[in-house]
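S.K.: Starting from the known structure of chain E, arrange chain G on it as the hints suggest.
One line per chain: the protein sequences are E and G, in this order. To convert, count from 1 in the first sequence and add 56; that's our numbering. To convert, count from 1 in the second sequence and add 56; that's our numbering.
Quick caveat, the hints were computed from the structure, so don't treat them as lab data. There's no promise every hint is true.
As the list claims (entries may be wrong) - The following label-pair restraints were derived from C-beta to C-beta distances:
| no. | chain 1 | residue 1 | chain 2 | residue 2 | range |
| --- | --- | --- | --- | --- | --- |
| 1 | E | TRP179 | G | GLY95 | 30 to 40 angstroms |
| 2 | G | TRP179 | E | SER86 | 22 to 32 angstroms |
| 3 | E | GLU65 | G | GLY243 | 36 to 46 angstroms |
To be verified - Example chain E residues on the side facing chain G (calculated, C-beta under 10 angstroms, incomplete):
| no. | residue |
| --- | --- |
| 4 | THR68 |
| 5 | ASN99 |
| 6 | THR107 |
| 7 | LYS174 |
| 8 | GLN190 |
| 9 | SER219 |
| 10 | PHE247 |
Because the structure is a prediction, the values reported are computed rather than measured. Yeah, the Cβ is synthetic: ideal placement off N, Cα and C, and Gly gets one too.
There are 2 protein chains.
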Amino acid sequence: MDVSVILFEGFTSLDFIGPVEALQRIPEYSIRYFSPEGGAVSNGKGLNLATEPMADIRPGILLVPGGFGTRKLVNDGAFISALRKAAEESAYCLTVCTGSALLAKTGLLDGLAATSNKRAFDWVVSVNPRVRWQRRARWAKNGKYYSSSGVSAGIDMALGFISDRFGEAKAREAAGAMEYVWNSDPGKDPFAAD
Amino acid sequence: MDVSVILFEGFTSLDFIGPVEALQRIPEYSIRYFSPEGGAVSNGKGLNLATEPMADIRPGILLVPGGFGTRKLVNDGAFISALRKAAEESAYCLTVCTGSALLAKTGLLDGLAATSNKRAFDWVVSVNPRVRWQRRARWAKNGKYYSSSGVSAGIDMALGFISDRFGEAKAREAAGAMEYVWNSDPGKDPFAAD
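Only chain E is shown next, with the shape it has when bound in the complex:
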């Protein structure tokens, strides 16, 4: 099964590299990188990655990171339509940080619980207030949709996703191989305001 990472100019690299580091330890998952038109995309801070065009995404697991590029991208109708199609066809759709703003804009999260980056939360809510936004959540899930709070929380969510699919022992094994101290309780959020 493909794990298709959706990239764009101005992505946050740890948002997806963290989850990918966990997910690629599942032998049946292979990781592919996409952007709207394919070709090189940049985080705006010196990192340039090769990608395939989004039209070539196969149904599987979608992984949508955040980053400052999302501020512009939520208003790109063609991108949001392509993302909606890919998310509808996916078996699972995972967002990290402000990636949830992109998915929220498609309407597919309406009425569902989701979360996002603490420092962009009010903006994310403004993108689509019909989502049941959770300010206190390391990650949130609703059926096939998973979303995590900021940056590093994506690693915890990815391990939670592995736990849900393959059992907790598999998630612990992946965390151990990464020497990562897993914050395994999705409701325990050390960065939420009191």
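M.R.: Chain G alone, transformed into the frame defined by chain E:
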């Protein structure tokens, strides 16, 4: 000041993306990516990055990740020579995971304390037993040389490096912006054998 990341075929992406996510929050640091000859390099799992040739590295901070590619690279005399030159000229040299095996091979760590990935430790020791290898350490430092244990430990080391240079408040601020639960004690290693 440049943060120069040394890449090669078969790198582990989280080894450097984690530290970079922390280091790029220091306004005076700019991140550049290098490989022996420059051009595209791959982690062997679908991720392809653009790099500059190592000959163009300017003195500053060197960041050396690990990955399965290190097994071959420790025996590449031209690479090890180029790494030695870059490390000697650097103000600071940080390694993550089996990146410490590469630096150990240059001889620059002889007699110094260093650490590495738990699951490759015996191999790393065999590369150069004259290093004072620490099996229990989230990270270790000796003057300008820092090394971390496996993968995610690099984030903790990078925050420790920021704390050493700019104070703990700055490191806490970076960790908060990343929503990362910092394992701030270099001697507390949850993955070390009892």
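S.K.: Would you mind marking each hint as holding or not holding in the structure?
M.R.: Now for the hints, and whether the structure bears them out:
1. E:TRP179 with G:GLY95: 30 to 40 angstroms: Taking Cβ atoms as reference, E:TRP179 and G:GLY95 lie about 38 angstroms apart, which means the hint holds.
2. G:TRP179 with E:SER86: 22 to 32 angstroms: Roughly 27 angstroms apart at Cβ, these two residues keep to the hinted range, so it holds.
3. E:GLU65 with G:GLY243: 36 to 46 angstroms: 41 angstroms, holds
4. THR68: 8 angstroms, holds
5. ASN99: Status holds, d = 9 angstroms.
6. THR107: Check passed: Cβ of E:THR107 comes within 9 angstroms of chain G, closer than 10 angstroms.
7. LYS174: 7 angstroms, holds
8. GLN190: 14 angstroms, violated
9. SER219: Because about 17 angstroms separates E:SER219 from the closest Cβ in chain G, which is outside the 10 angstroms limit, the hint is violated.
10. PHE247: Constraint on E:PHE247 satisfied, holds at 5 angstroms.
Checked against the numbered hints given earlier, the structure breaks hints 8, 9 and satisfies all the rest.
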